[in-house]
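In order, the protein sequences belong to chains A and B.
Throughout the first sequence, residue numbering follows my numbering, covering 4 to 336 in sequence.
Throughout the second sequence, residue numbering follows my numbering, covering 4 to 336 in sequence.
Don't read these hints as lab results, they were simulated from the structure.
Don't take every hint at face value.
Claimed, not checked - Pair by pair, the computed Cβ-Cβ distance ranges are:
no., chain 1, residue 1, chain 2, residue 2, range
1, B, 171, A, 112, 38 to 44 Å
2, A, 190, B, 171, 51 to 57 Å
3, A, 215, B, 61, 19 to 25 Å
4, B, 147, A, 112, 47 to 53 Å
5, B, 208, A, 325, 35 to 41 Å
6, B, 147, A, 38, 38 to 44 Å
7, A, 296, B, 65, 45 to 51 Å
8, B, 30, A, 142, 51 to 57 Å
9, B, 171, A, 296, 47 to 53 Å
Stated by the list, open to error - In silico DSBU-like cross-links for lysine-lysine, where the CA-CA straight-line distance does not exceed 35 Å:
no., chain 1, residue 1, chain 2, residue 2
10, B, 28, B, 202
11, B, 17, A, 211
12, B, 172, B, 208
13, B, 111, A, 216
14, B, 216, A, 111
15, A, 17, B, 208
16, B, 17, A, 216
17, A, 21, B, 17
18, A, 208, B, 147
19, B, 211, B, 170
20, B, 147, A, 111
21, A, 147, B, 111
22, A, 21, A, 304
23, A, 208, B, 21
24, B, 211, A, 17
25, B, 208, B, 111
26, A, 202, A, 302
27, B, 202, B, 147
28, A, 170, A, 302
29, A, 21, B, 111
30, A, 147, B, 147
31, A, 115, A, 202
32, B, 28, A, 17
33, A, 211, B, 21
34, B, 211, B, 21
35, B, 21, B, 208
Where a beta carbon is used, it is the ideal one built from N, C-alpha and C, also for glycine.
There are 2 protein chains.
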Amino acid sequence: MTDGTNRQILLVEKPTGKLGPEHFKVSEAAIPEAGDGEVLLRVRYISLDAANRAWMHGATYRSAVEANSVMAGGGIAEVISSNALGFTPGDIVFGDTGWQDYAVVRGKHLTKMPKVEPMTYLLSVYGIAGLTAYFGLLNVGRPKEGETVVVSAAAGSVGSIVGQIAKLKGCHVVGIAGGADKCQWLTSELGFDAAVDYKAGPVFKQLKAAAPKGIDVYFDNVGGDILEACIAQMNLFGRISCCGAISQYDGTPSAHGPRGVPGTIVVKRLTMQGFIVMDYDEQRSQALADLQSWVGSGKLKVQEDIISGLENTPQALIGLLAGENRGKRMVKL
Amino acid sequence: MTDGTNRQILLVEKPTGKLGPEHFKVSEAAIPEAGDGEVLLRVRYISLDAANRAWMHGATYRSAVEANSVMAGGGIAEVISSNALGFTPGDIVFGDTGWQDYAVVRGKHLTKMPKVEPMTYLLSVYGIAGLTAYFGLLNVGRPKEGETVVVSAAAGSVGSIVGQIAKLKGCHVVGIAGGADKCQWLTSELGFDAAVDYKAGPVFKQLKAAAPKGIDVYFDNVGGDILEACIAQMNLFGRISCCGAISQYDGTPSAHGPRGVPGTIVVKRLTMQGFIVMDYDEQRSQALADLQSWVGSGKLKVQEDIISGLENTPQALIGLLAGENRGKRMVKL
Numbered sequence: 004m005t006d007g008t009n010r011q012i013l014l015v016e017k018p019t020g021k022l023g024p025e026h027f028k029v030s031e032a033a034i035p036e037a038g039d040g041e042v043l044l045r046v047r048y049i050s051l052d053a054a055n056r057a058w059m060h061g062a063t064y065r066s067a068v069e070a071n072s073v074m075a076g077g078g079i080a081e082v083i084s085s086n087a088l089g090f091t092p093g094d095i096v097f098g099d100t101g102w103q104d105y106a107v108v109r110g111k112h113l114t115k116m117p118k119v120e121p122m123t124y125l126l127s128v129y130g131i132a133g134l135t136a137y138f139g140l141l142n143v144g145r146p147k148e149g150e151t152v153v154v155s156a157a158a159g160s161v162g163s164i165v166g167q168i169a170k171l172k173g174c175h176v177v178g179i180a181g182g183a184d185k186c187q188w189l190t191s192e193l194g195f196d197a198a199v200d201y202k203a204g205p206v207f208k209q210l211k212a213a214a215p216k217g218i219d220v221y222f223d224n225v226g227g228d229i230l231e232a233c234i235a236q237m238n239l240f241g242r243i244s245c246c247g248a249i250s251q252y253d254g255t256p257s258a259h260g261p262r263g264v265p266g267t268i269v270v271k272r273l274t275m276q277g278f279i280v281m282d283y284d285e286q287r288s289q290a291l292a293d294l295q296s297w298v299g300s301g302k303l304k305v306q307e308d309i310i311s312g313l314e315n316t317p318q319a320l321i322g323l324l325a326g327e328n329r330g331k332r333m334v335k336l
Numbered sequence: 004m005t006d007g008t009n010r011q012i013l014l015v016e017k018p019t020g021k022l023g024p025e026h027f028k029v030s031e032a033a034i035p036e037a038g039d040g041e042v043l044l045r046v047r048y049i050s051l052d053a054a055n056r057a058w059m060h061g062a063t064y065r066s067a068v069e070a071n072s073v074m075a076g077g078g079i080a081e082v083i084s085s086n087a088l089g090f091t092p093g094d095i096v097f098g099d100t101g102w103q104d105y106a107v108v109r110g111k112h113l114t115k116m117p118k119v120e121p122m123t124y125l126l127s128v129y130g131i132a133g134l135t136a137y138f139g140l141l142n143v144g145r146p147k148e149g150e151t152v153v154v155s156a157a158a159g160s161v162g163s164i165v166g167q168i169a170k171l172k173g174c175h176v177v178g179i180a181g182g183a184d185k186c187q188w189l190t191s192e193l194g195f196d197a198a199v200d201y202k203a204g205p206v207f208k209q210l211k212a213a214a215p216k217g218i219d220v221y222f223d224n225v226g227g228d229i230l231e232a233c234i235a236q237m238n239l240f241g242r243i244s245c246c247g248a249i250s251q252y253d254g255t256p257s258a259h260g261p262r263g264v265p266g267t268i269v270v271k272r273l274t275m276q277g278f279i280v281m282d283y284d285e286q287r288s289q290a291l292a293d294l295q296s297w298v299g300s301g302k303l304k305v306q307e308d309i310i311s312g313l314e315n316t317p318q319a320l321i322g323l324l325a326g327e328n329r330g331k332r333m334v335k336l
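Just chain A, with the same shape it has in the complex (with noise of 0.2 Å):
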């Protein structure tokens, strides 16, 4: 049993259109014990993700959140106690702990991390954005040397570790990001060769300039108009790796999809696949041991944008939809 509070945030109501402070509420309750099969956690970083905001809607790869109920996310924690097999306190997990200071989690359902420095690594490049970017691209958009790339958000946790990638590999890669910052950054630091700032214009043109010899791979985590722009621009036998949709996340879903869905994936013989990290949990262990590789080499750059306190999370969140952080976000309780 441990004394004090746990400092919980609440999901008071599911927005129907664009999230905001108003649908969360802090509050504060025992700290829980962990049951049979289960551990005592002390979170140390929340994990920022849009898929938090798709959650909302309904059922995905995961039951919905629900209203009044701790809102759910991704946390590296420590153990504090444990009554599961094989894990002892001091060991460091990942599992969805929720936005709140302690949770008790069922020990089947966490993952025992390896201790790294830093400690937030866990949530970027060797977490579930890390690897989201490595399958996503090597296992679902499989590009050859010299072929062109296009990532969209990819100033984000995802797209940034994306066309990172996409470099070592030999290809052509093109940015989609919001923002001459974000679009500067990523040619001048991340090595990306040209960026596309969607807030600077349509993206079917500047696309075209940026990406001369056409799409190869489009790795895409936005969906919608950029979607389109990028089917219309892809070459014979390209391939699309569909990891999300940010722009149908925060407000009403879009009432239809891209246009040349089917026309186009026929007469240029696309493949669409999506895919879900979980999927690839067998090849975690060599994923890492590459991301591992690249980032001691320094080829491989991290960017984390780490916000301090729980309160803070929803405004993070809300932020994040927004497009305002670059690299992983999260939050550090």
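Using the hints, position chain B against chain A.
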């Protein structure tokens, strides 16, 4: 030199809306002579395909057909005279002969066909229709025994073969077609497990009843609303084989694509893949051997819809786009 005239059907104007007889005219020309590397052909059967209409919109996997030229189209023809290596009078070939009695085609653009009885099978089950069904289902859709396969335009040349092959592979097979007669034919004659009549009401609900375990493989010939209804009912890791978009060809192409792209693609980890039969040329002989064995043993029924007279070709295509055919439609000259 062959005496006589060559009747030809010209496309006099590219349709902007629905295709009608006014877009064609019959014309007469001299029978052409084969130049160096060319072959003079007497056309025996002209293939009618929904793709003929798509070619009028612009370049697809081939260049667009142009106004005031002989309408393009595949056909089975007999060699009359040849200046191309490997072709001798009497040979039966397949090629883009266009809609005319005689055609001169370069030898390298022709495929020599075996002599089979009836010759029409070279356009149906052993032609593009049969091979499209075979590769699109087995190489792209990759159904496993016990899975649910749904095919649209199921009473058409490709769909009717797709469904039968899926049954041969041990799948639960649902066909989507227009009209009670066609639906009845699919289940009673071709062995489909269920059929959905899209003219009898919304496809979504009917499909839910016909495919209660959800859809593992959807073979899409139509695009549009039916594709949308199928996407919504796909199972995890389902595959959509994108063969065509008949619903989009005759008239102004749709201003948008189906809902669920990319949202459902991600959540359900679907693969949508476009293909064209020519992409599988290397595996052609294996496919033909399989098709022949199934036809020979009576496991695969061949349905043809043969119309007589070159002058009836425009109406035959217009009718095909309206869905009036059952099985492979062709014109006998």
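Verification of the hints:
Separation of residue 171 of chain B from residue 112 of chain A is about 43 Å and conforms to the stated range, judged on CB atoms against 38 to 44 Å. For the pair residue 190 of chain A and residue 171 of chain B, the beta carbons lie near 54 Å from each other, so the given range of 51 to 57 Å is met. Between residue 215 of chain A and residue 61 of chain B the beta carbon distance is about 21 Å. The supplied range of 19 to 25 Å therefore holds. A C-beta distance of roughly 30 Å is found between residue 147 of chain B and residue 112 of chain A, which places it outside the suggested range of 47 to 53 Å.
Checked against the hint of 35 to 41 Å, the pair residue 208 of chain B and residue 325 of chain A passes, with Cβ atoms roughly 39 Å apart. Range check, residue 147 of chain B to residue 38 of chain A: Cβ separation about 40 Å, and the 38 to 44 Å hint holds. Take residue 296 of chain A and residue 65 of chain B: their Cβ atoms lie about 46 Å apart, and the range 45 to 51 Å holds. Take residue 30 of chain B and residue 142 of chain A: their Cβ atoms lie about 55 Å apart, and the range 51 to 57 Å holds.
Judged by the Cβ atoms, the range 47 to 53 Å given for residue 171 of chain B and residue 296 of chain A holds: they are separated by roughly 48 Å. Our distance criterion of 35 Å between C-alpha atoms is met by residue 28 of chain B and residue 202 of chain B, whose separation comes to about 32 Å. For the hint pairing residue 17 of chain B with residue 211 of chain A, the CA-to-CA distance comes to about 29 Å; that is within 35 Å, so the pair holds. Taking the CA atoms of residue 172 of chain B and residue 208 of chain B, the gap is about 26 Å. The hint holds against a cut of 35 Å.
Proximity of residue 111 of chain B to residue 216 of chain A is assessed by CA-CA distance (about 29 Å); at most 35 Å being required, the pair is judged to hold. Using a Cα cut-off of 35 Å, the hinted pair residue 216 of chain B and residue 111 of chain A holds, with the two alpha carbons roughly 29 Å apart. Our distance criterion of 35 Å between C-alpha atoms is met by residue 17 of chain A and residue 208 of chain B, whose separation comes to about 28 Å. Among the hinted pairs, residue 17 of chain B with residue 216 of chain A is consistent with the structure: their alpha-carbon atoms are about 30 Å apart, no more than 35 Å.
At most 35 Å may separate the alpha-carbon atoms for a hinted pair to count; residue 21 of chain A and residue 17 of chain B exceed this at roughly 46 Å. Taken as a hint, the residue 208 of chain A and residue 147 of chain B pair is broken in the structure, with Cα atoms around 43 Å apart against an allowance of 35 Å. In summary, the hint linking residue 211 of chain B to residue 170 of chain B is supported, as the alpha carbons are separated by about 20 Å, within the 35 Å threshold. Among the hinted pairs, residue 147 of chain B with residue 111 of chain A is consistent with the structure: their alpha-carbon atoms are about 31 Å apart, no more than 35 Å.
A distance of roughly 31 Å separates the Cα atoms of residue 147 of chain A and residue 111 of chain B; the hinted pair therefore holds under the 35 Å criterion. Restraint check for residue 21 of chain A and residue 304 of chain A: satisfied, since their Cα atoms lie roughly 33 Å apart, inside the 35 Å limit. This hinted pair checks out: residue 208 of chain A and residue 21 of chain B have alpha carbons roughly 31 Å apart, not beyond 35 Å. For the hint linking residue 211 of chain B to residue 17 of chain A, the alpha-carbon distance of about 29 Å falls within 35 Å, and the restraint holds.
At most 35 Å may separate the alpha-carbon atoms for a hinted pair to count; residue 208 of chain B and residue 111 of chain B exceed this at roughly 49 Å. A C-alpha spacing of about 29 Å is found between residue 202 of chain A and residue 302 of chain A, which places the hinted pair at or below 35 Å, so the restraint holds. With a C-alpha separation of about 30 Å, the suggested pair residue 202 of chain B and residue 147 of chain B falls inside the 35 Å cut-off, and the hint holds. This hinted pair checks out: residue 170 of chain A and residue 302 of chain A have alpha carbons roughly 10 Å apart, not beyond 35 Å.
Our distance criterion of 35 Å between C-alpha atoms is broken by residue 21 of chain A and residue 111 of chain B, whose separation comes to about 60 Å. Taken as a hint, the residue 147 of chain A and residue 147 of chain B pair is honoured in the structure, with Cα atoms around 30 Å apart against an allowance of 35 Å. Between residue 115 of chain A and residue 202 of chain A the CA atoms are separated by roughly 41 Å; this puts the pair beyond 35 Å, and the hint is violated. For the given pair, residue 28 of chain B sits about 62 Å from residue 17 of chain A by alpha-carbon distance, which is inconsistent with the 35 Å threshold.
With a C-alpha separation of about 32 Å, the suggested pairing of residue 211 of chain A with residue 21 of chain B holds against the 35 Å cut-off. The straight-line distance between the Cα atoms of residue 211 of chain B and residue 21 of chain B is roughly 32 Å, inside the 35 Å bound, and the hint therefore holds. Between residue 21 of chain B and residue 208 of chain B the CA atoms are separated by roughly 29 Å; this keeps the pair inside 35 Å, and the hint holds.
Checked against the numbered hints given earlier, this structure breaks hints 4, 17, 18, 25, 29, 31, 32; the rest are met.
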